[in-house]
Structure formats: C-alpha cells, structure tokens
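We have chain Y; now place chain U onto it with these hints.
There are 2 protein chains.
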Amino acid sequence: MTRRNLLYAQSGGVTAVINATAAAAIETARRHPQAIGAIYGARHGILGALAEDLVDTAALDDAALQALALTPGGAFGSCRFDLDPPADNPAQYERLFAVLAAHDIGYFLYNGGNGSMDTVAKISAAARDRGYPLVAIGVPKTVDNDIEGSDCSPGFGSAAKYAATGMLEAGMDLASMSTRKGRVFVLEVMGRNAGWLAAATALAARGQEDAPPHIILLPEVPFDDEAFLARVQQVVERLGYCTVTVSEGIRRADGSLVMEQDHDAKGHVQLGGAGQCVARLIHARLGYKHHWAIPDYLQRAAGHLVSATDLAHARAVGAAAVEYAVAGRDAVMPAIVRESDEPYRWTVEPVDVRAIANLERLVPPHFIREDGLHVTGAALRYLRPLVEGEVVRPWRGGLPDYPAPGLPAVPRRLPPQP
Amino acid sequence: MTRRNLLYAQSGGVTAVINATAAAAIETARRHPQAIGAIYGARHGILGALAEDLVDTAALDDAALQALALTPGGAFGSCRFDLDPPADNPAQYERLFAVLAAHDIGYFLYNGGNGSMDTVAKISAAARDRGYPLVAIGVPKTVDNDIEGSDCSPGFGSAAKYAATGMLEAGMDLASMSTRKGRVFVLEVMGRNAGWLAAATALAARGQEDAPPHIILLPEVPFDDEAFLARVQQVVERLGYCTVTVSEGIRRADGSLVMEQDHDAKGHVQLGGAGQCVARLIHARLGYKHHWAIPDYLQRAAGHLVSATDLAHARAVGAAAVEYAVAGRDAVMPAIVRESDEPYRWTVEPVDVRAIANLERLVPPHFIREDGLHVTGAALRYLRPLVEGEVVRPWRGGLPDYPAPGLPAVPRRLPPQP
Chain Y
1 MTRRNLLYAQ
11 SGGVTAVINA
21 TAAAAIETAR
31 RHPQAIGAIY
41 GARHGILGAL
51 AEDLVDTAAL
61 DDAALQALAL
71 TPGGAFGSCR
81 FDLDPPADNP
91 AQYERLFAVL
101 AAHDIGYFLY
111 NGGNGSMDTV
121 AKISAAARDR
131 GYPLVAIGVP
141 KTVDNDIEGS
151 DCSPGFGSAA
161 KYAATGMLEA
171 GMDLASMSTR
181 KGRVFVLEVM
191 GRNAGWLAAA
201 TALAARGQED
211 APPHIILLPE
221 VPFDDEAFLA
231 RVQQVVERLG
241 YCTVTVSEGI
251 RRADGSLVME
261 QDHDAKGHVQ
271 LGGAGQCVAR
281 LIHARLGYKH
291 HWAIPDYLQR
301 AAGHLVSATD
311 LAHARAVGAA
321 AVEYAVAGRD
331 AVMPAIVRES
341 DEPYRWTVEP
351 VDVRAIANLE
361 RLVPPHFIRE
371 DGLHVTGAAL
381 RYLRPLVEGE
391 VVRPWRGGLP
401 DYPAPGLPAV
411 PRRLPPQP
Chain U
1 MTRRNLLYAQ
11 SGGVTAVINA
21 TAAAAIETAR
31 RHPQAIGAIY
41 GARHGILGAL
51 AEDLVDTAAL
61 DDAALQALAL
71 TPGGAFGSCR
81 FDLDPPADNP
91 AQYERLFAVL
101 AAHDIGYFLY
111 NGGNGSMDTV
121 AKISAAARDR
131 GYPLVAIGVP
141 KTVDNDIEGS
151 DCSPGFGSAA
161 KYAATGMLEA
171 GMDLASMSTR
181 KGRVFVLEVM
191 GRNAGWLAAA
201 TALAARGQED
211 APPHIILLPE
221 VPFDDEAFLA
231 RVQQVVERLG
241 YCTVTVSEGI
251 RRADGSLVME
261 QDHDAKGHVQ
271 LGGAGQCVAR
281 LIHARLGYKH
291 HWAIPDYLQR
301 AAGHLVSATD
311 LAHARAVGAA
321 AVEYAVAGRD
331 AVMPAIVRES
341 DEPYRWTVEP
351 VDVRAIANLE
361 RLVPPHFIRE
371 DGLHVTGAAL
381 RYLRPLVEGE
391 VVRPWRGGLP
401 DYPAPGLPAV
411 PRRLPPQP
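One line per chain: the protein sequences are Y and U, in this order. The opening position of the first sequence corresponds to residue 1 in the UniProt record's numbering, with each subsequent residue numbered one higher. The opening position of the second sequence corresponds to residue 1 in the UniProt record's numbering, with each subsequent residue numbered one higher.
So that you can see chain Y by itself, here it is in the shape it has in the complex:
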C-alpha cells in the first residue's frame, strides 16, 4: 500500500461541533499509518488548498485533540467559496492539483454542507480526468440540517438545543413580565430556506399546548399576515402573552422576504431581520409590547451547550470519512441513518456525493401542522433525540476553556498562487 498524505478542510458556516469531526478524523487517520502519512489541514477550506496555505496536525497530542473536539467555530478556518466549473477555469484546477501533488495528498476530506458536496464531486471528477490518484470524501456539517441523504446534519443538534433552550428560558422570562397588557417575544433563528432550527424550538413546549413557542414560522410556509396576527391575538387573549419563533428566511406568497418589508407605526419602510419585522408588525397592528432576539452566531457557536448526540454524530462522520478514504471509496459522504426514534439508534452509511450535491432538504409537509403555524408530533419525534445529552466540558475563569490548537504552517513548495 502506498502511503499518501491526507488533507482536511472546513467549508461554509461553522458549527459548535465541526472541530469534533476534525478531531475524530485526525485520530482515525493516525490509526492507519500504513495508508496515511502526514495529516494536514487547509486554512479556510478550498481557498487554503489553492493558496497552499496548509497546516500540520502532527503537534496535536491526545489532550489537544480532546480540547479541539469541544471547541466551537472552525479551528482550521472556513470559507464561502465554490470552485468554478472545470471548463470555465482550468487554471484553478491546475493550481489545486499542483498543490495536492506538491504535498502528495492522496486523501481529501471536505467538511461542509450542500455546496461542499458539489466541490467534492468536482474535485473527484477532475482527479479522475487527469489521472491524479485521489480519494475525495465529503463530510457533513451544517446547523441548517438541510443536507440530503442524511437523517440529520452534524451541527444541527447543538444549534437546535441552543434555540430550544433559548425559547424555553426567554418564554419563562416573558411569562413573568406579562401583566395586563399583551406582550410578545419573537426569536429569530437561522434558516434561509429550511426551517429545521425554528421547528426545533417546539421542543421547548415539552408537549404542553400553551407553552412556548406558541407559533413557529417556517420558510417552507408562505407568510400570511392576517392568519398570523389572528393567531397571535388569540394566544395573547388566552395567556396574556405570545412567543413566536421565526426562521430568518420566511417569505410571503409572492416570494418576497418578510425581512425586506417592515411596518413601523408611522408607516416608514424598515429594513431588518425577519424577527424584528414580525415583532414590529405585531406591535403596529395589535399594539402589544414587543421584544425580539436574534442570536445570530451565538446559536451556531454555543460550545457551552453542545448536544451529546450531535457530538457523537460529528465524531462518527469524521471517523467514517477516514475509513472510507482508506478503503478507496471516492466521492462519498458518511450519512447518519436513523434506525429507531426511541430508543434512539443510528448508524453511518456512505452516500454518493454526486446524488446529493447542491440539494436542500426542507422540513417535509408531514412535519408541519395543517395551519402552517407550528409543527406536528412526527416532527417532535424526529427532533427529540437530536438535542439529547449534555457534555461535561472544561471551564476556566467562569467561561468555557477553548485553548487554541497548535497548527504550524506546512512549508510551501510552490510559487505563490498566480
């Protein structure tokens, strides 16, 4: 067996557990010394591969790998960058394969979402075209949970745990503060096209009908002002308050983003997030006091609130990716396969990246309540195990301890990128 080097890189929006995938990949790669030589990372995804901006993971000892696995964000740096189609930009591929060849990369692991699976498919095809011996593997991650072919995406469970905990806690705060006048609280979560994170906040209610969140607005359902406002009013009249989860990407029936159309009391047009727009709409039309929260990066970086299930998924796909690589299974992605909801049982199976690249897995109709303003029991059964379990982690000075991993640069062997 020829010993080749491995290159791992991170792409797209990062998560609380993407580094757990990296740590598991490194650990697993070290268990294949006959097949795998050096284990490198690219800085900022494929950009680092193009720029020959590589780092060496050799200095990470077991303690450092353990710490890395519990560190949010992308320790190698991520990017939002897609390779051009090979025919449009052959020079880009020339450069990429020059870098791979210069460092004898035989295994390429790309840890990302739908777009990254496309990158893997492109690189795999390009390698075959030029006869460069490479095994390219996609490794799933995204808080959006929208990767096709996998029951869920590593990163989602922890962000879902964060969002559901936030709704639970903020809902209790709102209930305390609600006296005579109606009060509403709107939580805006990530999800431009897929409402998985918004749906997950339904877990906060624990099946109680009147518990927050009272309304969930998904991008899968066209936003209807009147139906929504009628429901808000109904809830406030019964409880004195109302909590709403909004996906950032909700749209009206005409396809326009709600965040682009805002209503303030004076009729000014406002630009803002969807949560702010919805909160203002309620205030303008129903007169209730309104609060809104936009956790933004906090929801996908919350290493202090990782789901143990999600962490296990993240590690499993990292380990499986290396096993597939060593087995020469080119152009596949380790996917989570659910075997049972309760007790939750799952396994990992390879899927062809070409079959899933650039697709988007949306919240399916049977997970959405008939009125479009909440989710179903089937959705809850799906979501419940994904946030399960807490992770005991190190703290320092009252904050999570996230030591920076030592990742020295790999000496360059090529002239700078043209």
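A portion of the hints provided could be inaccurate.
Note: identical chains are not told apart, hence a pair may lie in one copy or across any two.
Each computed EDC-like pair below joins lysine to aspartate or glutamate, with the alpha-carbon atoms no more than 20 Å apart [claimed, not checked]:
1) Lys289 - Glu360
2) Lys181 - Asp82
3) Lys181 - Asp53
4) Lys289 - Asp82
5) Lys181 - Asp210
6) Lys181 - Glu360
7) Lys289 - Asp401
8) Lys289 - Glu237
9) Lys181 - Glu237
Rather than coming from a laboratory, the hints here were simulated on the basis of the structure. Nothing here was measured: the structure is a model prediction, and the numbers come from that model.
Chain U alone, transformed into the frame defined by chain Y:
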C-alpha cells in the same frame, strides 16, 4: 413574639437567579416559626399585593425549593409599576394596607432594582404613618448591576457570564469565517444607562490584546462615529475581522440614542437596536460584511449558564433579608460587600433603602480605558469573580428541567380592588 405572615414579591426585569433569592427567603423564613407564620408571594409584584392576588408557598417541599432556585424568570411574576407618592393617591395605600392587614402581613420583602427600593421606602414610611406594624425589606436583583450601595447585584453575574461566553464563542465563529474581506460582528447587550454587561464581555479576551471583544461601547461614554470607525478599521486591517460589544443605551454627545439614528447604504433613516445601527454604520462607511446579535431576554434568562458566584449572592440576599425582617430592621436592603478580589471574599451587610432608592450605579471612570472604547484592568479585576463557577443542574430531554412550582392562590378576604 407575635407571629406574623410574610409577603415576598418580585419586581422589574427578572433574572436567571431571582428565584434562588425567593427559595432562600422561603427556606430561611421556615427556620423562624416563632416569628413567621405563612409565607406568601404576591403575583406580579406590588400589583398582586394591590389586587390581593397572593399565592402560598407552603406546598413547596425541599425538592421543589431546590428546583425553584435553579429556575430562571420570576416564578411569582414580576411587574413594572411604581406606587404613586402617598399624597397623590391615598386610596392606593389604603388598599395596599387593607390587603396586608387582611392577611396579617408583618414582613414585606420586595425583590427588585432601584425603583423597587423606592417602593420599599414608600411602604415603610406609609406603614409608620398609619401605625401599621410592618418590616419592609428591599432585596436586590438586576442584570444591569446598577444598584447603589452593593458591590454587585444578584442576577448580573449570570447575565455577564452569558454575555462573555457569547462574545467568546461568536468571536471564534467570526475568526473562522474571516478570509480576505473584513468582517465585523456586533453583540448588543442590555444596559440603557449602565454599561456593566457590555464591560463584562471583556472577560472573553482573557487578557489577550487581539482577542474579542476588540471594542466595547458603553452608555457612559458618548459615541463618536469617527473615533469608533477608525478603531474598527485599524482592527480589521490587523486581524481581518473585528468584534464589538454595544450597550443598548449608547448615546451621542448630543444625548440622542444611537439606536434612533441609523444609516443604511441608501441613506434611509432606520429604526433599530443600537447593535444593528452600529453594524450598519460600519457596513455603510467601511464596506465590511456585518453580523449582529441581540440576545435580548436570552441573556437574562439563561438558567443553563448561571454563575455559581451569582447564585450564591442571590441566595445570600434572600436569606439575609429574612434575618433582617425577623430582627425588625425596617427599610434596609442586604448588600454584597466585597472583601477581596482574589481570592474572592464577600459578605452581606444591610444598607438603608432610602439612601439608595432610584439611584443608578454607573461604570466608574477608572474602569473605562482612556480612549473610551474598552475597559481597564481594574474593571477586569472587579468583574472576574462575578462570573466564576458553574452550577450542575438537572436536564430533561436535552433541555434544562424547569418544573413549574406549585403555588396555590391564597383565598381572598376582601372585595375586588376598586
């Protein structure tokens, strides 16, 4: 000794640990059966006292009190309501004392902020005026940390831990995502007049010069667009990204709130939170990609991220308040007194509520860096112990377990409030 009943109530914005104060007050009151009979709560603060909307804590067993102490929000309900001056509204005081007398209330504990201390002072004076035997005690709480006479306010340490953790984690996310173009992240935290929570995010940097937050905007310092933008640009040019913490209440030198003056790229006037305005200002003037987070209620309700120090403070003031009540120390508030920074040592002492009512303790000048854009080492020494320590808490189904306390209504003895 005459046995009288005790009435406890919550006021103002609630916190992650206000119920720990309640639990400690109840536990302590039960240890004084000669002095204290029933232990009641008023629903929604002084509003519940006026409405004779009282609940009985007798059904809370030890397990329920333990759970209550780890539950965020105000379990009794809170309010934003100030009593009128007695001369303006004698009927209000007539009603209040009729309720107190109907339930033989001899001890009144009001758990709130600066305004609540004023309520305590008013009730104490009114009781004396009419010869009603009452011991009225103020019990401090506020995430704003702006209560005079106390080294810190219970509730602040946990919100500070949340805000600093959020900046730490989001800062790591931002660093991962920052490639060639500059990126900024703005975290807006609570604080209309006092910048304590914004200052606390400085803990995220752990003393490293280039670590987030790079800039902290406090309401104590007039906002200067040009100086701020110059600093952002400087940071982005060095690091590729910049993180900013903004107090919601920052103002320009002319006294106008920054949140009222927004700049979008097209010159439209926007209404928004201070964080959004500052992020948009950066984007409009420097062209950097911008993200902003507004945790809103999430930051003060984060029972999952309580500071052990803060929890200890919250319990201590609840216990001390009852001890003062039994000792007949009318119109005082238990204050946290710091004895040493490191090791952190503190005690609780009574202060006269009349000396502190309606005052606001701002971040002092020696805690603010000379350029007004960050805090000093003295601030860090003050802040550090307040976020220290994690609390092991029960979880259920992947979310914090917050069982609702059983608080049956006390039968009414009076006709409804006129």
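For each hint, the structure was consulted:
Taking identical chains as interchangeable, the C-alpha atoms of Lys289 and Glu360 are never at most 20 Å apart, the minima being 37 Å within one chain and 25 Å between chains. Proximity of Lys181 and Asp82 under a CA criterion of 20 Å is satisfied inter-copy only: 16 Å between copies versus 51 Å inside one chain copy. Taking CA atoms no more than 20 Å apart as the test, Lys181 paired with Asp53 passes between copies only; the shortest distance there is 17 Å, against 58 Å inside one copy. Proximity of Lys289 to Asp82 under the C-alpha cut-off of 20 Å is restricted to the inter-copy arrangement: shortest distance 18 Å between copies versus 44 Å within a copy.
With identical chains, the CA atoms of Lys181 and Asp210 are at most 20 Å apart within one copy only, with a shortest distance of 18 Å there and 46 Å across copies. Within a single copy, Lys181 and Glu360 get their C-alpha atoms no closer than 42 Å, and across copies no closer than 27 Å, so neither meets the 20 Å cut-off. In this assembly of identical chains, Lys289 and Asp401 lie within 20 Å of each other by CA distance neither inside one copy nor across copies; the values are 38 Å within and 28 Å between. Proximity of Lys289 and Glu237 under a CA criterion of 20 Å is satisfied intra-copy only: 14 Å inside one chain copy versus 42 Å between copies.
With identical chains, the CA atoms of Lys181 and Glu237 are at most 20 Å apart within one copy only, with a shortest distance of 10 Å there and 49 Å across copies.
The structure does not agree with the numbered hints 1, 6, 7 stated previously, though it agrees with the rest.
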